[in-house]
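Novice: Position 88 of the sequence shown, counted from 1, bears residue number 88 in the numbering used here, the numbering being contiguous throughout.
Treat the hints as calculated values from the structure; they're not laboratory data. Hints may be right or wrong, so weigh each one.
Cut-off 30 Å, straight-line C-alpha distance, at most; resulting in silico cross-link-like pairs (DSBU-like, lysine-lysine) [claimed, not checked]:
1) Lys30 to Lys14
2) Lys13 to Lys82
3) Lys25 to Lys13
4) Lys14 to Lys26
5) Lys14 to Lys75
6) Lys104 to Lys75
7) Lys79 to Lys26
8) Lys79 to Lys44
9) Lys14 to Lys44
10) Lys97 to Lys116
11) Lys25 to Lys82
12) Lys71 to Lys25
13) Lys97 to Lys71
14) Lys25 to Lys104
15) Lys112 to Lys41
16) Lys75 to Lys112
17) Lys41 to Lys82
18) Lys82 to Lys44
19) Lys82 to Lys26
Across the chosen pairs, the derived CB separations fall in these ranges [unchecked claim]:
20) Ala18 to Ala55: 42 to 50 Å
21) Asp58 to Gly94: 18 to 26 Å
22) Pro99 to Glu22: 46 to 54 Å
23) Phe85 to Ala18: 14 to 22 Å
24) Ile68 to Tyr19: 17 to 25 Å
25) Arg128 to Ser9: 15 to 23 Å
26) Pro101 to Lys13: 22 to 30 Å
27) Lys79 to Arg109: 20 to 28 Å
28) Lys71 to Arg109: 23 to 31 Å
29) Thr67 to Gly94: 18 to 26 Å
30) Thr67 to Ile87: 23 to 31 Å
31) Met127 to Val96: 21 to 29 Å
32) Ala18 to Leu90: 26 to 34 Å
Virtual Cβ for every residue (Gly too), placed ideally from N, Cα, C.
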Amino acid sequence: MSVEIKGLSQLTKKLDQAYGPERMKKLTDKALILGAEAFMKIMKEEFENFKDTGASIDEMTRSEPMTIAGKRTVKIYWKGPKNRFRIIHLNEFGTVKNPNPAGKGAIARSLKAAEKVYQETLRQVLMRG
1 MSVEIKGLSQ LTKKLDQAYG PERMKKLTDK ALILGAEAFM KIMKEEFENF KDTGASIDEM
61 TRSEPMTIAG KRTVKIYWKG PKNRFRIIHL NEFGTVKNPN PAGKGAIARS LKAAEKVYQE
121 TLRQVLMRG
């Protein structure tokens, strides 16, 4: 799952010309971190609806910005002592025995709900320069 932002390519080119590639990388990283934090907040609220022990919420983690296939990226993943990463996909998509768990589609709903917030966060950081 990913969010595609349209209309920012011209803005990024202008900012890149004005600030240079190193400054733009720092701005992009800041925007990605703030956007990912906003997305995680919405996702944690969504996960509250079906939590049992709260381990899925507690183990939600954000990576540092990295370059993948030439694009700066931040990953959201689960890491912790209860190994929730093993069952997140079962909550999201269901199983044969439980095709409709309470958390079915929680990540997709969060992604949809956070799309505008994420885009606005990126836009604000890039506009501030």
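Novice: Next step is simple, just say for each hint if it's right about the structure.
Specialist: Status of each hint after checking the structure:
Distance restraint check for Lys30 and Lys14: the Cα-Cα separation of roughly 18 Å lies within the 30 Å cut-off, and the hinted pair is therefore satisfied. Between the alpha carbons of Lys13 and Lys82 the distance comes to roughly 44 Å, so the proposed pair goes past 30 Å and is violated. Restraint check for Lys25 and Lys13: the C-alpha separation of about 12 Å stays at or below 30 Å, so the hint holds. Under the criterion of a C-alpha separation no larger than 30 Å, the hint pairing Lys14 with Lys26 is consistent with the structure, at around 15 Å.
Among the hinted pairs, Lys14 with Lys75 is consistent with the structure: their alpha-carbon atoms are about 27 Å apart, no more than 30 Å. As the CA atoms of Lys104 and Lys75 are separated by approximately 21 Å, the hinted pair is consistent with the 30 Å bound. Restraint check: the Cα-Cα separation between Lys79 and Lys26 comes to about 26 Å, which is no more than 30 Å; the hinted pair holds. For the hint pairing Lys79 with Lys44, the CA-to-CA distance comes to about 15 Å; that is within 30 Å, so the pair holds.
A C-alpha spacing of about 35 Å is found between Lys14 and Lys44, which places the hinted pair above 30 Å, so the restraint is violated. Straight-line distance between C-alpha atoms of Lys97 and Lys116 comes to about 35 Å, which puts the hinted pair past the 30 Å bound. Note on Lys25 and Lys82: the hinted pairing is violated, with a Cα-Cα distance of about 35 Å set against a maximum of 30 Å. Restraint check for Lys71 and Lys25: the C-alpha separation of about 11 Å stays at or below 30 Å, so the hint holds.
Among the hinted pairs, Lys97 with Lys71 is inconsistent with the structure: their alpha-carbon atoms are about 39 Å apart, more than 30 Å. Note on Lys25 and Lys104: the hinted pairing is violated, with a Cα-Cα distance of about 36 Å set against a maximum of 30 Å. A threshold of 30 Å between alpha carbons decides the hint, and for Lys112 with Lys41 the separation of about 13 Å falls inside it, so the pair holds. Of the pairs offered as hints, the one joining Lys75 and Lys112 holds, with about 17 Å between alpha carbons and a cut-off of 30 Å not exceeded.
With a CA separation close to 21 Å, the supplied pair Lys41 and Lys82 stays within the 30 Å bound. A C-alpha spacing of about 17 Å is found between Lys82 and Lys44, which places the hinted pair at or below 30 Å, so the restraint holds. For a cut-off of 30 Å, the pair hint linking Lys82 to Lys26 is broken: about 34 Å separates their Cα positions. As the Cβ distance of Ala18 to Ala55 is approximately 45 Å, the hint placing it in 42 to 50 Å holds.
Between Asp58 and Gly94 the beta carbon distance is about 23 Å. The supplied range of 18 to 26 Å therefore holds. In this structure, Pro99 and Glu22 meet the distance hint of 46 to 54 Å, their C-beta atoms being roughly 50 Å apart. Phe85 and Ala18 have their C-beta atoms about 41 Å apart, which leaves the hinted 14 to 22 Å range violated. Under the hint 17 to 25 Å, the C-beta atoms of Ile68 and Tyr19, about 23 Å apart, fit the expected range.
In this structure the supplied range 15 to 23 Å holds for Arg128 paired with Ser9, their Cβ-Cβ distance being about 19 Å. For the pair Pro101 and Lys13, the beta carbons lie near 44 Å from each other, so the given range of 22 to 30 Å is not met. Judged by the Cβ atoms, the range 20 to 28 Å given for Lys79 and Arg109 holds: they are separated by roughly 22 Å. Separation of Lys71 from Arg109 is about 25 Å and conforms to the stated range, judged on CB atoms against 23 to 31 Å.
Look at Thr67 against Gly94: about 34 Å separates their beta carbons, and that is not inside 18 to 26 Å. The hint said 23 to 31 Å for the Cβ distance between Thr67 and Ile87, and at roughly 30 Å that hint holds. Hint check: Met127 to Val96, Cβ distance near 49 Å, so the stated range 21 to 29 Å is violated. Here the CB-CB span from Ala18 to Leu90 is close to 47 Å, at odds with the stated 26 to 34 Å.
Of the numbered hints listed earlier, those contradicted by the structure are 2, 9, 10, 11, 13, 14, 19, 23, 26, 29, 31, 32.
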